[in-house]
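Sequence lines, in order, name chains A and B. Heads up, the first sequence is in my numbering, so the first residue is 1 and it goes up one at a time. Heads up, the second sequence is in my numbering, so the first residue is 1001 and it goes up one at a time.
Simulated from the structure, these hints should not be mistaken for lab results. Note that this is a predicted model, so its numbers are computed, not measured. For each residue, glycine too, the CB sits at the ideal point set by N, CA and C. Careful, some of the hints might be misleading.
[To be verified] Just a few of them, taken from the derived set where beta-carbon distance is under 8 angstroms, the chain B residues facing chain A:
1) 1004
2) 1018
3) 1021
4) 1022
5) 1026
6) 1100
7) 1103
8) 1105
[To be verified] Label pairs and their calculated CB-CB ranges:
9) A:626 with B:1095: 34 to 42 angstroms
10) A:604 with B:1085: 32 to 40 angstroms
11) B:1051 with A:628: 20 to 28 angstroms
12) B:1008 with A:601: 37 to 45 angstroms
13) A:608 with B:1012: 30 to 38 angstroms
14) A:614 with B:1008: 35 to 43 angstroms
15) A:598 with B:1091: 36 to 44 angstroms
[Claimed, not checked] Negatives, chain A to chain B, calculated, CB over 12 angstroms:
16) 53
17) 552
18) 570
19) 588
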Amino acid sequence: MSNVFQLVWLIPVLPLLGFLINGLGRKQVSKTMAGVIGSGSVLASFIISVLIFIQLNAGNVPKEPFHYFDFINVTALKIGFDFQIDQLTSIFLLIITGVGFLIHVYSTSYMHDEEPKDFAKYFAYLNLFVFSMLLLVMGANYVIMFIGWEGVGLCSYLLIGFWFKNTNYNIAAKKAFIMNRIGDLGFLLAVFWLISKLGTADYHQVFANVSKLTTTDITAITMLLFVGAMGKSAQIPLYTWLPDAMAGPTPVSALIHAATMVTAGIYMIARSNILYTMSPVTQAVVAIVGLSTAILAATIALKQNDIKKVLAYSTVSQLGYMFLALGVGAYTGAVFHVMTHAFFKALLFLGAGSVIHAMSGEQDIRNMGGLKKYMSVTHITFLLACLAIAGMPPFSGFFSKDEILAAAYERSPLLWGVGVGGAIMTAFYMFRLYAMTFLGKFRGTHEQEHHLHESPKAMTIPLIILAILSVIGGWIGIPEVFMHGGHRLEAFLEPVFAQSNAITVKHPLNHNTEYGLMAASVVLALAALIFAWSKFSKYQKTDAEETGFGKVLANRWYVDELYDAIIVKPVQSIAKYFNDIFEKKGIDGFVNGVGKAVNHGSRQIRLLQSGQVGTYVLMMVLGILIFFIIQLFL
Amino acid sequence: MEIKWYIGLAVALFCTGIVGVLTRRNSIIIFMCIELMLNSVNLLLVAFSKMHAASALVQSNPNVVSDAQIFVFFIMVVAAAEVSVGLAIIVMLYRNTHSVDVNFLNRLKN
Chain A
1 MSNVFQLVWL IPVLPLLGFL INGLGRKQVS KTMAGVIGSG SVLASFIISV LIFIQLNAGN
61 VPKEPFHYFD FINVTALKIG FDFQIDQLTS IFLLIITGVG FLIHVYSTSY MHDEEPKDFA
121 KYFAYLNLFV FSMLLLVMGA NYVIMFIGWE GVGLCSYLLI GFWFKNTNYN IAAKKAFIMN
181 RIGDLGFLLA VFWLISKLGT ADYHQVFANV SKLTTTDITA ITMLLFVGAM GKSAQIPLYT
241 WLPDAMAGPT PVSALIHAAT MVTAGIYMIA RSNILYTMSP VTQAVVAIVG LSTAILAATI
301 ALKQNDIKKV LAYSTVSQLG YMFLALGVGA YTGAVFHVMT HAFFKALLFL GAGSVIHAMS
361 GEQDIRNMGG LKKYMSVTHI TFLLACLAIA GMPPFSGFFS KDEILAAAYE RSPLLWGVGV
421 GGAIMTAFYM FRLYAMTFLG KFRGTHEQEH HLHESPKAMT IPLIILAILS VIGGWIGIPE
481 VFMHGGHRLE AFLEPVFAQS NAITVKHPLN HNTEYGLMAA SVVLALAALI FAWSKFSKYQ
541 KTDAEETGFG KVLANRWYVD ELYDAIIVKP VQSIAKYFND IFEKKGIDGF VNGVGKAVNH
601 GSRQIRLLQS GQVGTYVLMM VLGILIFFII QLFL
Chain B
1001 MEIKWYIGLA VALFCTGIVG VLTRRNSIII FMCIELMLNS VNLLLVAFSK MHAASALVQS
1061 NPNVVSDAQI FVFFIMVVAA AEVSVGLAII VMLYRNTHSV DVNFLNRLKN
């Protein structure tokens, strides 16, 4: 075994060190130092990840997890602090550290107006996030995964509420945290269930002993795990936190709420693929929830006017596609889409950040337009990303989305049809966003127009790198029909999903059907793209309110209002009841009552203290007499 | 003489002491009454000691002797020391208030 594997522990430890240095020394380190430490630690992890990837690609796969120390060791239950490195982990390591590094570099410029200590704090949080995410994907058992799972939730909270002086941002941060916690409870219960049935949470042992579990157990465990995934990966019904999470700085949205953290649920299900394959019920639920989320979020995105909100709903929608893929058993497709999505969605968010930077904080696309001639790099890269997400060949999104849709068609043509509907909407809203932002005439104020500029190098270079990846990233997964052995990612990930593939029955599509499906989805998406382009490139600002169905979409199907009415309001009124009646009257009444009684009583008894020696002596004698009487007669 | 006479005398002295303490305001008289109570108890101690020693003599038990006779002397010695402290307090009382009336000492009121 190669020596590179001895460095595995360094991958998460380096960002942790970065977090400690920047976090503890935030008042001492300069901005340059904070940026270098923050980005450098992630770059170092990226380099180690690449070395490990090279080893794995050459066929050197570690058989055993790397054991560092016992995390929990009580009687029969042993949970080690173990890392497991396999193909799936390696892909995620590359995405997290690679995209993470680019976003760190981008942040050094984007956050440059912050105070030095806030700047260092920002990088500390970002590094802590990378650390938690690495722990999540590297852990060799569900418990270590859960540590990372909670860690990323915490960092997400900290970073959404980074500008904590704004109350709305704090509310958004709390919303994200609470929704994540609801999901986490499901995850935790699933882990407990596993431990109680199998006595272990190690992946190796769980997957090897999966036949010992009854179908009911597997279904319950997988459903509970999926509840966890719903929270973290923003699926119905727990998706509403993600659009609100856009309150954080834009690079954070790119890193956490698009490229990495929200894919934790995908990773977890892909990791537990054998459990899901053995429970068709859960698979069906996952597929249906994923598809519904994809469609619902896409419809909402059609009518949003905040540049980041459109991207947020598009993220939710794309995550829905990934769950669709997991639900129909196309685990490779899901991981493939995670990868391509990480590239183009990070690019879209960073591009949006660049636009917001140029527009001096303006996020409403109705006030933009014509930015093409001011920001050429941002414009070109954004266009490439839009083409990628719309699934245009030969951009990366085409390959991954096509794989998912083909897998859906294998399961049921209906899933395919609805999925294509979502893809059409994706093309439409992305090009609506593109056209309204970059084409036409500028609709903002003169002051903003005067200020328009291309972003500095530290921001444009990550954009360019991500744009290249968005274009060519799909070429590692060229479908079988185009090129024999073209799907290198599938071959690479094969060992991870071998157990599942062994028990699933494949119905390969014949080549003509596959070409037909591809052509249909591409042509339809292209039509939507051209329609959106022509409709919105000459967009004129109107004050007219949305009416009818458009209003429902613009208000996000009133889901937030619905949750408010059926969950938040009742909980708050119960809380108010307990606060007003139980707490104030009951507990406070009792505590204050004791205090008042003592106070009042002592004020009365104080009068006995007359200062007359004679009285004291009389009391003493009386007391002795009383004792005397008690002694003699009672 | 029977023990009951001693008990009667001691109780009478003790009650005299208590009544004196309760009713008089002159601190010297109160002090004397306290001494009276102390010595009434001493008297009781001596009387019981003598009684037990006498009954042990009848049963020819050599282990019981009237030790309390000596014990009382010790109490008296300690009481003498205590008297000196008490009198000193009364002197200080007189210096501060130009009176030996205990009712002037009411500053701890309330």
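Verification of the supplied hints:
1. 1004: violated (18 angstroms)
2. 1018: holds (6 angstroms)
3. 1021: The hint holds - residue 1021 of chain B has a Cβ within 8 angstroms of chain A, the shortest such distance being about 6 angstroms.
4. 1022: holds (6 angstroms)
5. 1026: violated (12 angstroms)
6. 1100: violated (12 angstroms)
7. 1103: holds (6 angstroms)
8. 1105: Holds - the Cβ of residue 1105 of chain B comes within 8 angstroms of chain A, reaching about 6 angstroms at its closest.
9. A:626 with B:1095: 34 to 42 angstroms: Roughly 38 angstroms apart at Cβ, these two residues keep to the hinted range, so it holds.
10. A:604 with B:1085: 32 to 40 angstroms: This hint holds: roughly 36 angstroms between Cβ atoms.
11. B:1051 with A:628: 20 to 28 angstroms: holds (22 angstroms)
12. B:1008 with A:601: 37 to 45 angstroms: Because 44 angstroms falls inside the window, the suggested range holds.
13. A:608 with B:1012: 30 to 38 angstroms: At roughly 31 angstroms between Cβ atoms, residue 1012 of chain B and residue 608 of chain A fall inside 30 to 38 angstroms, so the hint holds.
14. A:614 with B:1008: 35 to 43 angstroms: Violated, at about 28 angstroms.
15. A:598 with B:1091: 36 to 44 angstroms: holds (42 angstroms)
16. 53: It holds; residue 53 of chain A is separated from chain B by about 85 angstroms at its closest Cβ, greater than 12 angstroms.
17. 552: With a cut-off of 12 angstroms, residue 552 of chain A remains clear of chain B, as the shortest Cβ separation is near 75 angstroms.
18. 570: Residue 570 of chain A is indeed farther than 12 angstroms from all Cβ atoms of chain B, at 55 angstroms.
19. 588: Correct as stated: the minimum Cβ-Cβ distance to chain B is 31 angstroms, above 12 angstroms.
The earlier numbered hints that this structure contradicts are 1, 5, 6 and 14.
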